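Undergrad: Chains as they are written, first to last, in this note's numbering: chain A, 1 to 286; chain B, 1 to 355.
Hints may be right or wrong, so weigh each one.
[Unchecked claim] With a Cα cut of at most 27 Å, we get these calculated DSS-like pairs of lysine-lysine: (1) Lys73(B) <-> Lys195(A); (2) Lys195(A) <-> Lys104(B); (3) Lys15(B) <-> Lys195(A).
Treat the hints as calculated values from the structure; they're not laboratory data. Owing to the predicted nature of the structure, the values given are computational and were not obtained by experimental measurement.
Letter by letter, the chains look like this.
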Amino acid sequence: MTTIAADAVPQPLKFGRIRPGQILIWTLLLLGGLLMVMPILYMFSTSLKTASQVYDLRLIPAAPTFDNYIKVLSDGNFLRWFGNSTFIATTVTLSNVFFDSLVGYTLAKFEFRGRYFIFLAILSTLMIPTEMLVIPWYLMSSQLHWLDSYWGIMFPGMMTAFGTFLMKQFFETVPDDFLEAARIDGLNEFQIWWKVAMPLVAPALSALAIFTFLGNWTAFFWPLIVTTSRELYTLPVGLSSFSDAQDTRWEMIMTGAALATIPTLVVFLVLQRFIVRGVMLAGLKG
Amino acid sequence: MANIELQGLVKTYGKTTAVHGIDLDIADGEFVVLVGPSGCGKSTTLRMIAGLEDISGGTLKIGGEVVNEREPKQRNIAMVFQNYAIYPHLSVAQNIGFGLYTAKLSKAEKDQRILATAKTLGMEELLSRRPSELSGGQRQRVAIGRAMVRDPVAFLFDEPLSNLDAQLRSQMRIEIKRLHQRLGTTIVYVTHDQIEAMTMADKIVVMRDGRILQVGTPTELYESPVDVFTARFIGSPSMNLLPGKVAGAALTAPGVTIAGIDAATIASGDVLIGVRPHDLVVGQVGTGLSMSGFVTAVEPLGSETLVHLDIAGTEVIATAPGKLVPKVDTTVAASAIPGSLYLFAAADERSLGRL
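Pulled out of the complex, with its shape left as it was, chain B reads as follows:
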């Protein structure tokens, strides 16, 4: 096991810069998720850690040693790919054993390790099968097995659950998390799915346009996003944003009523008011931000219903608790209590704090 340090890591392709000098410390045994939209540089960063991409600038350390110039095999890391990359012409046992191809072990030792790995993943019955005879989840386990069998210092996962259906994805999320708890090996995990990031990570790294926007625990990112992008990226459904204005201690926004909120700590000017759909409750009356809007659509989820409202031309999502399902084309009231609002500067979209 080892820690991983990225110091001013840069990746350029010709004149295009994909990663702009990022700094990141990944502690030994930590589960770190790199998250961001397509093209944000998360996969490139992971591939630089793996040694599959040359590093254009900066330093990469694994276990305290600079590994910029080392071949992938010399870094003792293992990687699980999006399409599993398990070989169709080999059996499950041979696929898992492929990770030991260059290991200086006797055949008996290799067989023993393959069996031990298969047992850990609950696959000992499948060892003689071909990948074509396996389900998507089983193939993913084989890929993880091939990574595990080498006992690497770190696992790198590149969107490993993207090809699975929703149910299997949530099952594999838990399996990977349990595996991490059992093995305690450092994991760097890339995904564009914020739910994966929130549910699995010890630490989330939000990336955009080749830069790190914010690093923190899932709760920190949810509660204290540094800007509009992170605020909207983390949390599902995305945070609502309403244009507003701060003048002295007063916070105002068209189409909504704001009471009992003191904005004196925020500099006067144009702002964006953020409120998460789960904090904006239909039928709740009280101080804070309240609004009355036309219902354009409803999404019943069983335990609650997401209600799409039209507030002065802006679409807002609120939550109706319990079995209450408002009718479309009716008008309903919704409100958010003080302390649940996020304020961002309209000019640069940076966070101004919470009210």
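So here's chain A without its partners, still in its complex pose:
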């Protein structure tokens, strides 16, 4: 017993030697972090400056003021654009979560003729850049009278090849036994998908929802092309209207942008865990 007690005396904690490689990595990561954070800090800084102070590049404004926020928020258009972006990003996200997973599930779990061909056809659309699709989308919208409407902004993103691919891959990991057990218990195919398969791929669904929401919240190119009425602008398009041929009102743009990042920050803070997992699952950058 005495021997054991002597052996059990706690040893002082030993810290591993810090290697030069680690110092280099930390330095690079720190610099990278600063590079990412600086534009955001400047955005908030500029939003607290007056028009005459905008080109004074000090990070901390000489006379910070919230006047820009009052101006932006009292302008009816901004709140409207905020609402538009919220509505569009939410609708498109819900649509993607529903349709991408429905198609992904069908491709993953049902045997039917042409299944592989359909999957390849969907995948192949990933190889076409958005810039190439914009003209056919515009012509289609024009012929169907969808220009300058919410539906016109939303329809290209209501279902995505990436989302379908992601969900198909995840549904393939759901054991068939789970679905067959539900089939024996008397559920129909839609109920099996909704009640059994969907909860089992919740991490992938949350990743898809986060990426889709953020992608649509920041979308600029297509909403700019398809909308002409100021009341249909999304936030990024609306903010760009603060800049015209004569003048660019940076303090207003930065104030609007600062306000626009709030939902993104909230989404990130609340769903941080899911985003990290989502990035790992999807194998792509957020």
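The hints should help you fit chain B onto chain A, whose structure is shown.
TA: Positioned in the frame of chain A, the structure of chain B alone reads:
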């Protein structure tokens, strides 16, 4: 409860035939085990009974009604899967209650049935837990509970104990058997483990290559196997086989002495002599089949020891009774009494009877 009849049941996948027109009658309340090696068609047969696989040919009757074209839910059977198939996002109570999803019962009635089922399985304390908080045996009980709660006409088990460790497996074997004795519901149970088949079944169905080789009680299969495959599949360790010859009334085999056995009833020709390790006793001297062999390995089991012998190049397993543990690399004698030998035709491996 209901009986199940398989009449010429066929399953084909493209040009491959997985089940070749099998016939089987499962009586009401019977515990039937389908046993065989991987790919023998036992799981496919079970899935056809469940309605999870289309039937390519033949007729399937449950309770006297043809159910070939009926959906799984219309057959009123319940199935327990190898990986339990209990849902990780639902509690134990919700998992058990899932079996009642389509039942036209009030919530109070459903809750009552869930509780009654949980009590039967001794799980009422675990109802609010998630599957991740349960042990393997408890998860298996939840899966059985979900099957039980619906009060089906038959239970189908698809290798339900394969994921459990040896100790838990033997415990669950007894639990399932007791459950069957209490409920009296027809059970069709698939396994590749002959010990499960022997210990649980009222009737064992041995399958191979999509065909039924033999149907019988565990004792019938053990005592009177129809061929070498069944003889070696049933019983552990597997039956020893020695090449031999019948000439008139004499039975001979290289490396062994056979005395006091009259083979006059067996047609002359090449045979395989089968002897179970438990019938081949080390140190026993007498008439019958006796041999002397080199000990290559021993497996002490406590109450007895399995002794691996080399007999003229053929490996044979014998049993040393009690605490006797022969040494490796020594020579020992072993013998089997008359009446314990199984004879098979060397050509087609069919049984020729016992001597």
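Undergrad: Next step is simple, just say for each hint if it's right about the structure.
TA: Evaluation of the provided hints:
1. Lys73(B) <-> Lys195(A): holds (17 Å)
2. Lys195(A) <-> Lys104(B): holds (18 Å)
3. Lys15(B) <-> Lys195(A): Answer violated: Lys15(B) to Lys195(A) is near 36 Å, above 27 Å.
Of the numbered hints listed earlier, the single one contradicted by the structure is hint 3.
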